[in-house]
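Participant: Modelling step: build the complete structure from the supplied sequences, incorporating the hints.
Take any residue in the sequence shown, count from 1 to its spot, add 194: that is its number in our numbering.
No wet-lab data here; the hints were simulated from the structure.
The beta-carbon is built from N, C-alpha and C at its ideal position, and this holds for glycine as well.
One or more hints might be untrue.
Restricting the straight-line Cα-Cα distance to at most 20 angstroms, the calculated cross-link-like pairs of lysine to aspartate or glutamate (EDC-like) are [claimed, not checked]:
{"no.": "1", "residue 1": "LYS349", "residue 2": "ASP331"}
{"no.": "2", "residue 1": "LYS260", "residue 2": "ASP244"}
{"no.": "3", "residue 1": "LYS371", "residue 2": "ASP331"}
{"no.": "4", "residue 1": "LYS371", "residue 2": "ASP284"}
{"no.": "5", "residue 1": "LYS260", "residue 2": "ASP214"}
{"no.": "6", "residue 1": "LYS260", "residue 2": "ASP204"}
{"no.": "7", "residue 1": "LYS260", "residue 2": "ASP248"}
{"no.": "8", "residue 1": "LYS222", "residue 2": "ASP200"}
{"no.": "9", "residue 1": "LYS222", "residue 2": "GLU199"}
{"no.": "10", "residue 1": "LYS222", "residue 2": "GLU247"}
{"no.": "11", "residue 1": "LYS349", "residue 2": "GLU317"}
Simulated DEER-style distance windows between Cβ atoms [as the list claims (entries may be wrong)]:
{"no.": "12", "residue 1": "GLY197", "residue 2": "ASP248", "range": "28 to 34 angstroms"}
{"no.": "13", "residue 1": "GLY323", "residue 2": "SER353", "range": "36 to 42 angstroms"}
{"no.": "14", "residue 1": "ALA366", "residue 2": "ARG261", "range": "29 to 35 angstroms"}
{"no.": "15", "residue 1": "ARG358", "residue 2": "ASP248", "range": "39 to 45 angstroms"}
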Amino acid sequence: MRGREDEWTDLMRSAMAGDDAAYHRLLKAVTPVLRAAARRGLARAGQPPDQAEDIVQEILLAVHLKRHTWDSEAPFAPWLFAIGRNKLIDTLRRRGKRVFVNIDDFAETLPGEAPQETASAGEVAAQLGTLPQRQRDVLQSIAVEAASIKDTAAKFSMSEGAVRVALHRGLAALTAKLRDH
Numbered sequence: 195m196r197g198r199e200d201e202w203t204d205l206m207r208s209a210m211a212g213d214d215a216a217y218h219r220l221l222k223a224v225t226p227v228l229r230a231a232a233r234r235g236l237a238r239a240g241q242p243p244d245q246a247e248d249i250v251q252e253i254l255l256a257v258h259l260k261r262h263t264w265d266s267e268a269p270f271a272p273w274l275f276a277i278g279r280n281k282l283i284d285t286l287r288r289r290g291k292r293v294f295v296n297i298d299d300f301a302e303t304l305p306g307e308a309p310q311e312t313a314s315a316g317e318v319a320a321q322l323g324t325l326p327q328r329q330r331d332v333l334q335s336i337a338v339e340a341a342s343i344k345d346t347a348a349k350f351s352m353s354e355g356a357v358r359v360a361l362h363r364g365l366a367a368l369t370a371k372l373r374d375h
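Facilitator: Structure representation (structure tokens):
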């Protein structure tokens, strides 16, 4: 899978540099993968797979029209699969269905990055204790107690914006402390 994704990225880079043959090879390579993913997505949504080809054409058209938005430093496959997922969702919405479509439908099995080391609960608790009280309270309420932003704001007599800021700052500080630790 990784080799194929690297090949697609290289082909797209060449295509963006003006190589029409590379662009043609790229589209030819991704089409069967997109077709299979569209069929799987329709089937998972309980829909007949008869519109898979229409979805594939919409994806290819979107790739063509939006290719200038692709970051040539990034891998091509996640960008392509995001477009595919969105086109499938658009099709399902037009049919009146609200369905969650997992990106895995379009990635078969996208290899993830190697899992990062996770901190133990004790390390997290120790570092959490070093945060300012307000950030600690907000993180505890939202991350541990699963309270909403609104409920946390009411609980601590804060605005929802202030809760979001405290949450963001607390998470950033905690991440930095755990990374350095």
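Participant: Now, for every hint given, state plainly whether the structure supports it.
Facilitator: Cross-check of the supplied hints:
{"no.": "1", "hint": "LYS349 - ASP331", "verdict": "holds (10 angstroms)"}
{"no.": "2", "hint": "LYS260 - ASP244", "verdict": "violated (26 angstroms)"}
{"no.": "3", "hint": "LYS371 - ASP331", "verdict": "holds (17 angstroms)"}
{"no.": "4", "hint": "LYS371 - ASP284", "verdict": "violated (42 angstroms)"}
{"no.": "5", "hint": "LYS260 - ASP214", "verdict": "holds (16 angstroms)"}
{"no.": "6", "hint": "LYS260 - ASP204", "verdict": "holds (18 angstroms)"}
{"no.": "7", "hint": "LYS260 - ASP248", "verdict": "holds (18 angstroms)"}
{"no.": "8", "hint": "LYS222 - ASP200", "verdict": "holds (15 angstroms)"}
{"no.": "9", "hint": "LYS222 - GLU199", "verdict": "holds (14 angstroms)"}
{"no.": "10", "hint": "LYS222 - GLU247", "verdict": "holds (14 angstroms)"}
{"no.": "11", "hint": "LYS349 - GLU317", "verdict": "violated (27 angstroms)"}
{"no.": "12", "hint": "GLY197 - ASP248: 28 to 34 angstroms", "verdict": "holds (30 angstroms)"}
{"no.": "13", "hint": "GLY323 - SER353: 36 to 42 angstroms", "verdict": "violated (26 angstroms)"}
{"no.": "14", "hint": "ALA366 - ARG261: 29 to 35 angstroms", "verdict": "holds (34 angstroms)"}
{"no.": "15", "hint": "ARG358 - ASP248: 39 to 45 angstroms", "verdict": "holds (40 angstroms)"}
Figure legend: structure checked against the earlier numbered hints; hints not met, in rising order: 2, 4, 11 and 13.
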